[in-house]
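Work from the hints to combine the two standalone chains into their complex.
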Amino acid sequence: QVQLQESGPGLVKPSQTLSLTCTVSGGSISSGDYYWSWIRQPPGKGLEWIGYIYYSGSTYYNPSLKSRITISVHTSKKQFSLELSSVTAADTAVYYCARESSSSCYFDYWGQGTLVTVSS
Amino acid sequence: QSALTQPASVSGSPGQSITISCTGTSSDVGIYNLVSWYQQHPGKAPKLMIFEVSKRPSGVSNRFSGSKSGNTASLTISGLQAEDEADYYCYSYAGSSPRGFGGGTKLTVL
Chain A
1 QVQLQESGPG
11 LVKPSQTLSL
21 TCTVSGGSIS
31 SGDYYWSWIR
41 QPPGKGLEWI
51 GYIYYSGSTY
61 YNPSLKSRIT
71 ISVHTSKKQF
81 SLELSSVTAA
91 DTAVYYCARE
101 SSSSCYFDYW
111 GQGTLVTVSS
Chain B
1 QSALTQPASV
11 SGSPGQSITI
21 SCTGTSSDVG
31 IYNLVSWYQQ
41 HPGKAPKLMI
51 FEVSKRPSGV
61 SNRFSGSKSG
71 NTASLTISGL
81 QAEDEADYYC
91 YSYAGSSPRG
101 FGGGTKLTVL
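For the record, the sequence lines run as chains A and B. In this text, residue positions in the first sequence follow my numbering: the first is 1, and each later residue adds one. In this text, residue positions in the second sequence follow my numbering: the first is 1, and each later residue adds one.
Hints should not be assumed to be uniformly reliable.
To be verified - Straight-line Cα separation of at most 27 Å, DSSO-like style, residue types lysine-lysine; simulated pairs:
hint	chain 1	residue 1	chain 2	residue 2
1	A	Lys13	B	Lys44
2	B	Lys106	A	Lys77
3	A	Lys66	B	Lys55
4	A	Lys45	B	Lys44
5	A	Lys45	A	Lys66
6	B	Lys55	B	Lys68
7	A	Lys77	A	Lys45
8	A	Lys45	A	Lys78
9	A	Lys77	B	Lys47
10	A	Lys78	B	Lys44
11	B	Lys68	B	Lys47
12	A	Lys13	B	Lys47
13	B	Lys106	B	Lys68
14	B	Lys106	B	Lys44
15	B	Lys55	B	Lys44
16	B	Lys47	B	Lys106
17	B	Lys47	A	Lys78
In case anyone wonders, no lab produced these hints; they're calculated from the structure.
Bound-form chain B, shown alone (with noise of 0.2 Å):
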């Protein structure tokens, strides 16, 4: 199965930026651009928020940025808000292996 790695959890303050990574390998994400990325509120489903590395769904904020170098893909928050306080997280193809996602990212905003 695919075993992503993302950092347990990140913070900043609002206005400012923050990344979170996401760690496959050269059988997912470093040789695949289909990399997608989700939020979860407390109670909520999942909400998608990029997919294939950087593309961003209709009604999903700019704010929100996608990327990818090497084996690991990024999600960039610019300009955080309170309501981007959430759990993130990432989810990569990996071709004739299963799928699988990363271990989940939590986002403060302090």
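For reference, chain A alone in the conformation it holds in the complex (with noise of 0.2 Å):
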């Protein structure tokens, strides 16, 4: 059963960096057959794509947050991260890992999600 974990600090200050990390247990991150994504949740509001790494390196970023966004993958780690700058508290979320098919695009696995919290 493949299961994915987020981990991370739970308090970030305005301007800095969010840091988290997803790994990945009870299946492979270098199949081709997945790309590796993060998702965030608001408080009270939707979802929101971020962004995905393909094992290989490559990645593909939500336009409203790619001058802000690095997702990198450490395959022999079985973990792939998230870095996200200057935040601020609109930055506030849960955020989650995910596993999402290359060829149907949809999550078939998500971690549990971690809030994240921007303040001072």
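Put into structure tokens, the structure is as follows:
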């Protein structure tokens, strides 16, 4: 059974960089069948797709966040990471990592989510 | 970014059927059969309910079904149960355009 688990600080100061890691277990992160994605959900609001990385390192980002995002993959550790720079209160959200089918574009496995609050 | 439109809320009584719509454009829903639906209970991660417009993952009740007509995809839940009360989101591939989720629909079981 594939499992994903987010980890990282729950509190980040404004203007700093938010950094999260997703650890994948029960499956291969090097499979060409999947994209490894980040999705966020501000409190009380809907889901926002952030971007994804392929095992090869190729990425695709939400244009609204592209200038501030870096997603990287560490295949040997079975991890992929998100960095979001210059954060503001608007970046406060539950951040989810998820596995997306590369051929059919659906998310079949999700992490439990981690709340990141941007506050001084 | 994909801008999929869903009704903010729908409701139904136990045993009834409801349908949630997801309206896109000829660049996403209308041209690709790559629409998926997610159920989210409060405080929980979303759960895949439908993929490729109408396919159900293993373990998802056959009370959940999906369809598409033109630029609008639909999720139908038959035989409503109290446990179906949740938020529902659609998601569609959009070719070279960034993909995105619908705004979400809150289902209330009366």
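Given hint Lys44 (chain B) paired with Lys106 (chain B) - CA-CA distance at most 27 Å: 14 Å, holds
Given pair status - Lys66 (chain A), Lys45 (chain A), alpha carbons within 27 Å: 21 Å, holds
Given hint Lys77 (chain A) paired with Lys106 (chain B) - CA-CA distance at most 27 Å: Judged against 27 Å, a Cα distance of about 38 Å means the pair is violated.
Given pair status - Lys55 (chain B), Lys66 (chain A), alpha carbons within 27 Å: 32 Å, violated
27 Å limit on alpha-carbon distance, applied to hinted pair Lys47 (chain B) and Lys106 (chain B): Since the Cα atoms of Lys47 (chain B) and Lys106 (chain B) sit roughly 15 Å apart, the hinted pair holds (cutoff 27 Å).
Agreement of Lys106 (chain B) and Lys68 (chain B) with the hint, judged by alpha carbon distance not exceeding 27 Å: 20 Å, holds
Straight-line alpha-carbon gap Lys13 (chain A) to Lys44 (chain B), limit 27 Å: 26 Å, holds
Pair hint outcome, Lys45 (chain A) versus Lys44 (chain B) [Cα-Cα no greater than 27 Å]: Holds - the C-alpha atoms of Lys44 (chain B) and Lys45 (chain A) are around 14 Å apart, at most 27 Å.
Straight-line alpha-carbon gap Lys45 (chain A) to Lys78 (chain A), limit 27 Å: 30 Å, violated
Agreement of Lys55 (chain B) and Lys44 (chain B) with the hint, judged by alpha carbon distance not exceeding 27 Å: 23 Å, holds
Hinted pair Lys78 (chain A) and Lys44 (chain B), Cα distance within 27 Å: Answer holds: Lys78 (chain A) to Lys44 (chain B) is near 24 Å, not above 27 Å.
Lys77 (chain A) paired with Lys47 (chain B) [C-alpha distance capped at 27 Å]: With a Cα-Cα distance of about 26 Å, the restraint between Lys77 (chain A) and Lys47 (chain B) holds, given a limit of 27 Å.
The structure fails hints 2, 3, 7, 8, 12 (numbered hints given earlier, in ascending order).
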